[in-house]
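Number of protein chains: 2
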Amino acid sequence: MITVLRLGHRRGRDDRISSHVGLTARQFGADKIIFSGEHDENMLESQQDIVDRWGGEFEITYREAYRPVITEFEGTRVHLTMYGESFRESDVLEQDIDDLLIVVGSQKVPRDIYEKVDYNLGVGHQPHSEVAALAVFLYECNGHQIPQSFDGADIEVIPSEQHKKTRRPD
Amino acid sequence: MITVLRLGHRRGRDDRISSHVGLTARQFGADKIIFSGEHDENMLESQQDIVDRWGGEFEITYREAYRPVITEFEGTRVHLTMYGESFRESDVLEQDIDDLLIVVGSQKVPRDIYEKVDYNLGVGHQPHSEVAALAVFLYECNGHQIPQSFDGADIEVIPSEQHKKTRRPD
Chain A
2 MITVLRLGHR
12 RGRDDRISSH
22 VGLTARQFGA
32 DKIIFSGEHD
42 ENMLESQQDI
52 VDRWGGEFEI
62 TYREAYRPVI
72 TEFEGTRVHL
82 TMYGESFRES
92 DVLEQDIDDL
102 LIVVGSQKVP
112 RDIYEKVDYN
122 LGVGHQPHSE
132 VAALAVFLYE
142 CNGHQIPQSF
152 DGADIEVIPS
162 EQHKKTRRPD
Chain B
2 MITVLRLGHR
12 RGRDDRISSH
22 VGLTARQFGA
32 DKIIFSGEHD
42 ENMLESQQDI
52 VDRWGGEFEI
62 TYREAYRPVI
72 TEFEGTRVHL
82 TMYGESFRES
92 DVLEQDIDDL
102 LIVVGSQKVP
112 RDIYEKVDYN
122 LGVGHQPHSE
132 VAALAVFLYE
142 CNGHQIPQSF
152 DGADIEVIPS
162 EQHKKTRRPD
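Chains as they are written, first to last, in my numbering: chain A, 2 to 171; chain B, 2 to 171.
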């Protein structure tokens with residue numbers, strides 16, 4: 002079970018990045034995302050609509066109080082940050098990643114979060130993107146596999162060399 | 002030499018996603034990004050400021066006419082799209098990726114682009130994020146190495162288990 006906790010969402014300014022964080026979590030094998038920051042019903046609903054249409058059990062929720070999400074979590078807690086130690090040099094991928102919380106911030110992550118997690122990990126140490134960091138980290142957690150099949154979908158892509166093909170699964 | 006071509010930028014709406022695309026390209030080893038769509042001096046300048054501060058030779062440019070960028074490119078041309086064949090099942094990583102153009106779209110990519118490239122490749126076939134797709138694809142192109150050192154930087158991170166540390170390189 003992999004849970005992503007997205008901190009500090011701001012309505013308007015973060016709509017699209019937060020959507021990318023959520024959909025990236027789903028595509029690369031997370032089971033659940035918890036948004037914190039401003040409560041943004043539109044952003045949550047539009048992601049839920051995509052999940053309903055494309056299938057799977059991915060869960061999208063909102064929690065105003067994010068610190069208890071971290072402190073009460075019983076598995077391995079990872080915060081992705083460019084300031085952290087290199088994830089490739091840490092032993093995190095040897096841990097029980099069946100029970101993993103991945104925290105991703107927006108602009109400023111409060112100082113105490115660095116102390117509440119088990120690992121602060123950099124996926125690169127340059128300024129780039131929490132979407133990119135999350136994607137690569139999940140890709141490694143899942144042994145370079147990218148989930149293809151999502152139960153109960155109304156639509157799925159038929160991969161194609163040159164065309165946009167979709168179908169309704171049986 | 003890896004070049005990223007970002008199609009269809011829209012001022013305002015795409016500011017942050019386009020910035021994430023550019024910075025992700027730089028972090029994961031691309032040499033250059035070309036933005037197309039609306040000309041957005043602010044977005045270009047704010048990325049250039051980050052590159053100037055954090056170092057390296059990453060080049061950021063704008064081209065209104067993006068089709069010639071693709072048709073005149075002499076190396077391998079890849080378009081990342083959820084509709085494409087799986088990049089892991091294609092032979093693209095066996096090609097000469099020293100000379101690679103990676104095209105990433107925004108909402109709608111014109112039909113003819115699918116025909117002008119050598120490969121349409123999916124990094125997953127679910128709706129997610131061009132930032133995530135670009136990150137994972139570049140990560141594979143670079144054999145799971147993430148560039149750490151950027152020449153001429155004013156600032157660099159000292160990776161740390163629990164602190165935000167930076168220094169001015171020697």
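Hints may be right or wrong, so weigh each one.
Identical copies carry no separate label here, and so any pair may be met within one copy or between two of them.
Below, in silico cross-link-like pairs of lysine to aspartate or glutamate (DMTMM-like), each with a Cα-Cα straight-line distance of 20 Å or less [claimed, not checked]:
| no. | residue 1 | residue 2 |
| --- | --- | --- |
| 1 | K166 | E116 |
| 2 | K109 | D92 |
| 3 | K117 | E162 |
| 4 | K109 | E73 |
| 5 | K165 | E39 |
| 6 | K117 | D171 |
| 7 | K109 | E75 |
Hints listed in this document are in silico derivations from the structure and should not be mistaken for laboratory results.
Here's how the hints hold up against the structure:
{"no.": "1", "hint": "K166 - E116", "result": "between (47 Å within a copy, 15 Å between copies)"}
{"no.": "2", "hint": "K109 - D92", "result": "neither (26 Å within a copy, 41 Å between copies)"}
{"no.": "3", "hint": "K117 - E162", "result": "between (46 Å within a copy, 12 Å between copies)"}
{"no.": "4", "hint": "K109 - E73", "result": "neither (22 Å within a copy, 42 Å between copies)"}
{"no.": "5", "hint": "K165 - E39", "result": "neither (36 Å within a copy, 25 Å between copies)"}
{"no.": "6", "hint": "K117 - D171", "result": "neither (45 Å within a copy, 33 Å between copies)"}
{"no.": "7", "hint": "K109 - E75", "result": "neither (25 Å within a copy, 42 Å between copies)"}
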